[in-house]
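Model the placement of chain B on the given structure of chain A, informed by the hints.
For the record, the sequence lines run as chains A and B.
Numbers in the numbering used here are just positions in the first sequence, counted from 1, shifted up by 53.
Numbers in the numbering used here are just positions in the second sequence, counted from 1, shifted up by 53.
Since the hints were derived computationally from the structure, they do not count as laboratory data.
Keep in mind that the hints are not guaranteed to be accurate.
Any copy will do: because identical chains look the same in the list, a pair fits if it lies in one copy or spans two.
[Stated by the list, open to error] Listed below are the simulated DSSO-like cross-link pairs for lysine-lysine, each with C-alpha atoms no more than 30 Å apart in a straight line:
| # | residue 1 | residue 2 |
| --- | --- | --- |
| 1 | K224 | K195 |
| 2 | K111 | K182 |
| 3 | K182 | K159 |
| 4 | K110 | K182 |
| 5 | K271 | K159 |
| 6 | K224 | K111 |
| 7 | K111 | K195 |
| 8 | K159 | K224 |
| 9 | K195 | K271 |
There are 2 protein chains.
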Amino acid sequence: MQHNASLTTPYAIRNMIRNEDYTGSTSGFVPGFVQANLVILPQRYAFDFLQFCQVNKKACPIVASSRTPGATSIPNVAHDLDIRTDIPRYRIFKNGQLIEEVTNIKEQWRDDLVTFLIGCSFSFEESLKLAGLEIRNITENKNVPMYMTNIPCESAGIFHANMVVSMRPMKPADAIRAIQICSRFPDVHGAPVHFGDPAAIGIKDINRPNFGESVTIKDGEVPVFWACGVTPQVAIANAAPDFCITHSPGHMLITDIQNAHISAF
Amino acid sequence: MQHNASLTTPYAIRNMIRNEDYTGSTSGFVPGFVQANLVILPQRYAFDFLQFCQVNKKACPIVASSRTPGATSIPNVAHDLDIRTDIPRYRIFKNGQLIEEVTNIKEQWRDDLVTFLIGCSFSFEESLKLAGLEIRNITENKNVPMYMTNIPCESAGIFHANMVVSMRPMKPADAIRAIQICSRFPDVHGAPVHFGDPAAIGIKDINRPNFGESVTIKDGEVPVFWACGVTPQVAIANAAPDFCITHSPGHMLITDIQNAHISAF
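Pulled out of the complex, with its shape left as it was, chain A reads as follows (with noise of 0.2 Å):
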């Protein structure tokens, strides 16, 4: 019972994160806290990045990112923060290419590595559910589904992607109700980037997702296309830089940050 109740906070599964206790994914831990998506790269294309970042918010909405290369912890984000073992699972890659799938990162560590959070939908996932929506993929129990689409992101450097969409299924009237709230949150994707035909996006067919799986979309529904955190990971796999550590899908950073003041309003 005691155990039970110290993992109410984010702090503790942190720790249990820390001690390898637990190495799978942090769907639906602690409601109410901020998950981030996590992106580390050498200073040299810290600028860069940052950039791309700063001019794509909506799908790339920096959370937060470590002030000095090779500092492990990040201010105000998380109480005794160690970026190299906080998660759950990260990936290596080196030169695009993903190498070794690891629990912590101590031994890849190096005095050079810039660390920066990304918002997630988790945040307004919780939002709408709060507003009494339904979120189709977790109704369902699925991955949300995402697509490659033809918007093109402003380029940065060595970065560029097309922007990559989360789909989620809504009548009209709950997709005007999540638009208001989602305007809320500017920096776990904002509102939503087109709803309707997939065509006018560039994408095929709504039931083959690129990322994730696809969900149930009922007569009367529309579906309604959110920018994408997996858009920066495109963007990486895109410039392919020489070394480059992100999260494992799924297996994110807990923070300390409250979803509710991340709000813009």
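The following block gives chain B in isolation, referenced to the frame of chain A:
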């Protein structure tokens, strides 16, 4: 007549400025279009500065930035932009000291310079006026009063500062409307950061601003404080980079971006 009509477009004004036919303040020019603060820094400071702006968005909202060191234009900002000539007046700083004020920077230009455009309160003042609110500094034809506060910005690399705020007195009902309206404009400082007691944010005498001019506060009004774009200038003065170029106060870049286009919702 032909001449005046043509000056209703940002491009026409920029051309007049490029030709040095006009070297004055841009206040009130081409209503409806975003005017931007200018910061130009050598590439080696660019990451720290972009990160400082990113973690202090309210005070330092980045509107756009050049994508390649030495580039004299910026994508999606202004047709045929040449950042070396299209601003009426520039300030050259060396080691944090103002060296000279010039009307173009063709001689000072270097291949390692990166340009940042930062949002300016002209945009939200226009939205407030359209909503029928009185802006006291405009009514009294004064530069808005600005104050150093004790609100610390987050530091990034060499850049650190306390927040500078601008102040507009309002009746509470108008302040509430202003909070709603400005929430829609996170890229030009967003919602206010404080209202009421100046001492609560470290302002000793509301009648003695650190920058700009004092304005009348009438009975029944409260001072309302917004994060101010002078903050990055204080951060630059504190950091004293060996080289830096800014616009001269009030002598802004007039972009082709419409104020309405930068609203978050």
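Right, here's what the structure says about each hint:
no.: 1; hint: K224 with K195; in the structure: within (20 Å within a copy, 51 Å between copies)
no.: 2; hint: K111 with K182; in the structure: both (21 Å within a copy, 29 Å between copies)
no.: 3; hint: K182 with K159; in the structure: neither (37 Å within a copy, 56 Å between copies)
no.: 4; hint: K110 with K182; in the structure: both (24 Å within a copy, 28 Å between copies)
no.: 5; hint: K271 with K159; in the structure: neither (47 Å within a copy, 61 Å between copies)
no.: 6; hint: K224 with K111; in the structure: within (23 Å within a copy, 35 Å between copies)
no.: 7; hint: K111 with K195; in the structure: within (23 Å within a copy, 37 Å between copies)
no.: 8; hint: K159 with K224; in the structure: neither (47 Å within a copy, 56 Å between copies)
no.: 9; hint: K195 with K271; in the structure: within (16 Å within a copy, 59 Å between copies)
Comparing the model with each numbered hint stated earlier shows that hints 3, 5 and 8 do not hold.
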